[in-house]
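**Q** Chains A and B, in that order, give the protein sequences. Heads up: the first sequence begins at 20 in the working numbering, then just goes up one per residue. Heads up: the second sequence begins at 20 in the working numbering, then just goes up one per residue.
Calculated directly from the structure, the hints in this document are not laboratory data. Any given hint might turn out to be false.
No copy labels: a pair is met if it fits in one copy or bridges any two.
As the list claims (entries may be wrong) - Dumping the calculated SDA-like pairs for lysine to any residue here, alpha-carbon to alpha-carbon at most 25 Å: (1) K410 x T167; (2) K410 x T169; (3) K410 x N382; (4) K380 x D46; (5) K144 x V45; (6) K410 x T293; (7) K255 x Q307; (8) K120 x K173; (9) K76 x I349; (10) K410 x T374; (11) K76 x N391; (12) K144 x S124; (13) K380 x N407; (14) K47 x N407; (15) K79 x V57; (16) K146 x D158; (17) K380 x Y406.
There are 2 protein chains.
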Amino acid sequence: MTVTTIDFQWPAGFYNDGIEIGLGTVDKKDFGYLFSEVPATAAGTYTTNQFQAAPTKLTKNTINHNHHLQAVVVNSAIANSCTGVQGEQDAQTEQQLLGEKLGISPDLVGVASTGLIGAPLPMDKIKAGIAQLQPATDDGVTQAVLTTDTHAKKACVQVELDGQTVTIAGFCKGSGMIHPKMATMLGFVTTDAAIDGELLQHTLSTGVDTTFNQITVDGDTSTNDMVVVMANGLAKNAELTSTTDADYAAFAEALHVVLGELAKQIAADGEGATKLVECNVSGAFNDQEGQQVAKAIVGSNLVKAAIFGQDPNWGRIISTIGATDAHVDIDHVSITLNGILMVQDSLAVPFDLDTAVDAMKENQVTIDVTLNSGNATGQAWGCDLTYNYVKINASYHT
Amino acid sequence: MTVTTIDFQWPAGFYNDGIEIGLGTVDKKDFGYLFSEVPATAAGTYTTNQFQAAPTKLTKNTINHNHHLQAVVVNSAIANSCTGVQGEQDAQTEQQLLGEKLGISPDLVGVASTGLIGAPLPMDKIKAGIAQLQPATDDGVTQAVLTTDTHAKKACVQVELDGQTVTIAGFCKGSGMIHPKMATMLGFVTTDAAIDGELLQHTLSTGVDTTFNQITVDGDTSTNDMVVVMANGLAKNAELTSTTDADYAAFAEALHVVLGELAKQIAADGEGATKLVECNVSGAFNDQEGQQVAKAIVGSNLVKAAIFGQDPNWGRIISTIGATDAHVDIDHVSITLNGILMVQDSLAVPFDLDTAVDAMKENQVTIDVTLNSGNATGQAWGCDLTYNYVKINASYHT
Numbered sequence: 020m021t022v023t024t025i026d027f028q029w030p031a032g033f034y035n036d037g038i039e040i041g042l043g044t045v046d047k048k049d050f051g052y053l054f055s056e057v058p059a060t061a062a063g064t065y066t067t068n069q070f071q072a073a074p075t076k077l078t079k080n081t082i083n084h085n086h087h088l089q090a091v092v093v094n095s096a097i098a099n100s101c102t103g104v105q106g107e108q109d110a111q112t113e114q115q116l117l118g119e120k121l122g123i124s125p126d127l128v129g130v131a132s133t134g135l136i137g138a139p140l141p142m143d144k145i146k147a148g149i150a151q152l153q154p155a156t157d158d159g160v161t162q163a164v165l166t167t168d169t170h171a172k173k174a175c176v177q178v179e180l181d182g183q184t185v186t187i188a189g190f191c192k193g194s195g196m197i198h199p200k201m202a203t204m205l206g207f208v209t210t211d212a213a214i215d216g217e218l219l220q221h222t223l224s225t226g227v228d229t230t231f232n233q234i235t236v237d238g239d240t241s242t243n244d245m246v247v248v249m250a251n252g253l254a255k256n257a258e259l260t261s262t263t264d265a266d267y268a269a270f271a272e273a274l275h276v277v278l279g280e281l282a283k284q285i286a287a288d289g290e291g292a293t294k295l296v297e298c299n300v301s302g303a304f305n306d307q308e309g310q311q312v313a314k315a316i317v318g319s320n321l322v323k324a325a326i327f328g329q330d331p332n333w334g335r336i337i338s339t340i341g342a343t344d345a346h347v348d349i350d351h352v353s354i355t356l357n358g359i360l361m362v363q364d365s366l367a368v369p370f371d372l373d374t375a376v377d378a379m380k381e382n383q384v385t386i387d388v389t390l391n392s393g394n395a396t397g398q399a400w401g402c403d404l405t406y407n408y409v410k411i412n413a414s415y416h417t
Numbered sequence: 020m021t022v023t024t025i026d027f028q029w030p031a032g033f034y035n036d037g038i039e040i041g042l043g044t045v046d047k048k049d050f051g052y053l054f055s056e057v058p059a060t061a062a063g064t065y066t067t068n069q070f071q072a073a074p075t076k077l078t079k080n081t082i083n084h085n086h087h088l089q090a091v092v093v094n095s096a097i098a099n100s101c102t103g104v105q106g107e108q109d110a111q112t113e114q115q116l117l118g119e120k121l122g123i124s125p126d127l128v129g130v131a132s133t134g135l136i137g138a139p140l141p142m143d144k145i146k147a148g149i150a151q152l153q154p155a156t157d158d159g160v161t162q163a164v165l166t167t168d169t170h171a172k173k174a175c176v177q178v179e180l181d182g183q184t185v186t187i188a189g190f191c192k193g194s195g196m197i198h199p200k201m202a203t204m205l206g207f208v209t210t211d212a213a214i215d216g217e218l219l220q221h222t223l224s225t226g227v228d229t230t231f232n233q234i235t236v237d238g239d240t241s242t243n244d245m246v247v248v249m250a251n252g253l254a255k256n257a258e259l260t261s262t263t264d265a266d267y268a269a270f271a272e273a274l275h276v277v278l279g280e281l282a283k284q285i286a287a288d289g290e291g292a293t294k295l296v297e298c299n300v301s302g303a304f305n306d307q308e309g310q311q312v313a314k315a316i317v318g319s320n321l322v323k324a325a326i327f328g329q330d331p332n333w334g335r336i337i338s339t340i341g342a343t344d345a346h347v348d349i350d351h352v353s354i355t356l357n358g359i360l361m362v363q364d365s366l367a368v369p370f371d372l373d374t375a376v377d378a379m380k381e382n383q384v385t386i387d388v389t390l391n392s393g394n395a396t397g398q399a400w401g402c403d404l405t406y407n408y409v410k411i412n413a414s415y416h417t
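Produce the entire structure from the sequences given, and follow the hints as far as they go.
**A** Printed below as a string of structure tokens:
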């Protein structure tokens, strides 16, 4: 089971395009699509926000219908969320128009939007945009989905299944309003693997739990976001149909690598962030509590601000642990920050402050915590809280 | 039942002192005490953090022993938290020494600390400090408890009980690490009312639920914090012993006013804050959900940053509502910001942007939300997220 990370390339049979149709105030690509030359099995995970946006609801219903998609139309700048009946009609119109253009059933078209909540889509621009889309092999769509992201986020691996080389290529956007309980960003994964749709759904849902659902930028869960996987089978491996298939574990691992890489890229590019923060919890009572504690630590404003300030303030970490309801041996917690032991048996361990501050100047800060309450682990990723986070979010509307 | 707010004054028989003994790096009062000339009934609420600091545990045990206190010794700058057996001994030594100085049992002395987690108390300075304390009638102790607070927080009311004028005077500290599940700050309320200790505990616990437990600055729950009430009976009203006593409701209301005023002062003085944010939720399924939604809104980093930027970004408010698991009629939510209706039936209502931005320049921003799911309400208070919040917390250690 060798999963090899490679430079980004589309799996066999996938095309895309990204263009600028003037949806936002920034001069960037804001509209695009993703297209497989044959129908693909498909799976998705969707935001748990009660105000699920029109495109998110529509894509969920479309995928759940029979777990197949052949194309996805995406836009940034406008979320088409909290837009009522009009918003639902607009999302359906996008689905219909892209289906007509590609000569496929609208039931095979997913729709995704991200951006400002409450504004309607300008459908004249959308219609003109759909007419312009061309099947390209560059990465335009990976640019078109971005909002406050500073760069495109992509990950690609190859793995051998049934003697065939399978490629899994994913991209995503997400920078603010990131605290997935399901998927709080837009993520798209394409693969030429052959896999049953329901099994793909199971694999995605499991993979998301320990990747996208374990990142946080600001604790806010968006109305729009989703992760969609399309598998078109053009790699010609024998179709995976069960978790007990010989090659299933390799596929699941390869997909997990892509999801994990994308999730970490989102955390590292959190709004205003200067550092990726990774928290590894061990000694947890169970996996759920390990993940809970890890996510609480990377989600604490005080921890995040301290990391921005390169301040090895472990008191905020232990306080955050204690504020959870996870099982904790309160007399035997250890905390290590970028390799420097700071707390053992819940007591301060003397360390050299200058060395610790220097260690925190790295682009990644790693916090290792042991709870001494069991054998389970948990991981989570976040970023520091900076002046720029405040600046970006204090002036988003204008 | 007339509760009258008056300028701060100590109730009959209470004295205090606040002095500087050099615990921190800032030139300010950092040590003090509070003292009643007769034993008082006492009640407390304490942080729910699993790592409860030594002074917090000691005071909780002392009060729970028989609900009486006569004095409290307090310090700022050092939290005496995560300090192990030494920390527990140090807190007991403080209790013992203040008892000896005042000629009272150590069982009548509470201990409170706030500041940096993990550092030991310098007991030589503490001992010298206790020796220096004098029974004054100014407000030195209200200064001595402060950390990153920009000013002392005090509230005082009078109410007539049984023909006697009763004074209730409270003060508190709290600026960062504020997200009480019980009490995430230090709060002290003194009164000359006569009230049974267990009834006082009930009254405090109930009052805290809708006041201190409904404020948030940064979502972090501290290890140290508590609210303590002392009632010394010198107003000579007939002792309140039951919630059915004729005057009980008046006392409870008066105490609630003091707790509410103190809580709002903490929210308004949150680290780096420029504005108090008040959220009023109506149409909630029950009180608990109303409070949950109100607190989620004032706790959202995105909402807080938008308010700092005077950006009427209601999308972040509705997204925060949807991210809770409270009952919400998702097609009939209304949102009003400083009196301007922005969302009705979950859809955008056109409003003049300049007028809305102007309205948000006030020192207080009020968010009114209707969930249309019941008849219950909830309130919460917070503050905006500013550059200064980041600055203060990125450089706390040094």
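**Q** When the hints from earlier in the document are held up against this structure, which numbers fail?
**A** 4, 7, 8
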